[in-house]
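Q: Those sequence lines, one after another, are chains A and B.
Residue numbering for the first sequence follows the working numbering, beginning at 1 and increasing consecutively.
Residue numbering for the second sequence follows the working numbering, beginning at 1 and increasing consecutively.
Bear in mind the hints are in silico, worked out from the structure with no lab data behind them.
By construction, the Cβ of each residue, glycine as well, lies at the ideal position given by its N, Cα and C atoms.
Watch out, some of these pointers could steer you wrong.
What the hints assert, rightly or not - Footprint (simulated), chain A over chain B, 3 or more residues, beta carbon under 8 Å: (1) 33-42; (2) 71-85; (3) 103-109; (4) 128-139.
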Amino acid sequence: MRPGTPRRPALLSAAGLAVFIGAWEAAVRSGVLPASLVPAPSAIPQALIGEIRNGSWFTAIGESLGHYLIGVCLGSLLGIVAGAAVALLPRFAAVQAWIARLLRPIPPLAWIPFTLIWFGPSQAAAAFIIGVGVFWLNYFATWSAVETVDEGLVELAAAFGQGGFARRLGKVILPAALPGMLSGVRSGLGQGWMAVVAAELFGIPGIGQRMNEAAGVLATNVLVLYMLTIALLYGMTDLMFERVTRRFLAWTRA
Amino acid sequence: MSGAGEMIVELTGLAFGHPGDASGRNVLEGLDLSLKRGGFTAIVGPSGVGKSTLLRVVAGLAAARRGEVRLLTRPAPDRRTAALVFQDARLMPWRRVLGNVEFGLEGLALDAAARRRRAEAALDLVGLLDAAGRWPGQLSGGQRQRVGIARALAVSADLLLMDEPFSALDAITRHALQDELLRIWRETGTTILFVTHDLDEATYLAERVVLLAGSPARIARDVAIRTPHPRARNGLDGYVSDLRRALEETFVGGAGI
């Protein structure tokens, strides 16, 4: 253990969070922060109850989750396939090189005007915007994961009569690249939530739109409620992903 | 079943150059080499001379520019003609020990139960059956190398090609594995072609030592070691100094560099 490493880090983390919330509450109550602009933490449960009662909370979560899942799944899948193809097929890599260089720097949010023209404020539009960002993360993660697969293992497969493309791919390249590919998927999970809210702020139904409405009537406690909701959803998806993939990557901890 | 003097490998007029080498320079040239079935032959020579390359050509992983590689083995759907053991063990970290040994068997006509049986028998032969369920990351260097040997043994190859398999190990482990290899060789009767840069190792293990030297490499010496096993370590100074002299001559002649 390094000197200065706390014996119970979770306890300290909880204390840090408690102090942060306490200071925030005190600042609002004492008038240091104007209550009209910053809600007190104690006002948030009330917002939660209100949003649950009028049905908005679950509806907004359901809509956002729908955009998110479609966008993340499609973006990840296409990104993995494209990234692997670039690493494995030199011709394909050459064909797409300048196209990728052209499209890559465009931020996902810059696609919002076009998606609204193409799809209207719909689920497809939100999923597209989310998918664009997630795609590139997976594309680069998979590309580099596949490209850095140990050549020695490829030779090993050939030496034991399993050098054909399908066997090489299934028995060497994909398992070897899996940790890198999954870390790309995981960063996509985070990036996806950012894009969800941004897309919905432009009028696509979901958490972002509900935040826009709350901002219009200065219901700041509702705004904070949804910010926390996103944090919660991200935390849950990340945790679930970690749990599900853990068993596939047991060997990396050996 | 194997008559005395029956050959298993015949290389004639072999020349090899790396396909990417634009100069067209050969690494190996004019190699003629025949290996007797059941024999233990060591290939020695300075680093970079082309010993591993020769092994890869015999294994069919690289194509010769000229000449012929004949493997006089009896092909069968449930065994491989040749199996390689690498210097770096080369285990798949995502497969457990048993899975790594089974890998070589997956290209053969065997059902899962037969694969498992043969993999376990091979692990038993190298003394690692107890470790079948462990990950490669949990093994020592010597254990990893044993698994690599078990993987090669499992496919029941007529010809075991070993590429400096013990050179990355500490001296104690290396000596233990050398003796283990001699035991396995006796028990299985397999033919071994063993590449090493260590003359002591070559003369301790092999019945025949072939010295590769020059650029392009040729056979500079071909020595039969008649001392029976078990041999004393460092007890073959005569052979070693003879080979060392031959090695130095090729350097002095300028051809070795």
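Q: Is the coverage entry for the region 128-139 of chain B by chain A consistent with the three-residue Cβ rule at 8 Å?
A: With 5 residues in contact (Cβ-Cβ under 8 Å with chain A), the coverage given for the region 128-139 of chain B holds.
Q: With a cut-off of 8 Å between beta carbons, are at least three residues of the region 103-109 of chain B near chain A?
A: Holds: 5 residues of the region 103-109 of chain B have a Cβ under 8 Å from chain A.
Q: How does the region 33-42 of chain B fare against chain A when you require at least three residues with a CB closer than 8 Å, holds or violated?
A: violated (count 0)
Q: Do three or more residues of the region 71-85 of chain B come closer than 8 Å to chain A, measuring C-beta to C-beta?
A: holds (count 3)
Taken one by one, the earlier hints fail for this structure only at number 1.
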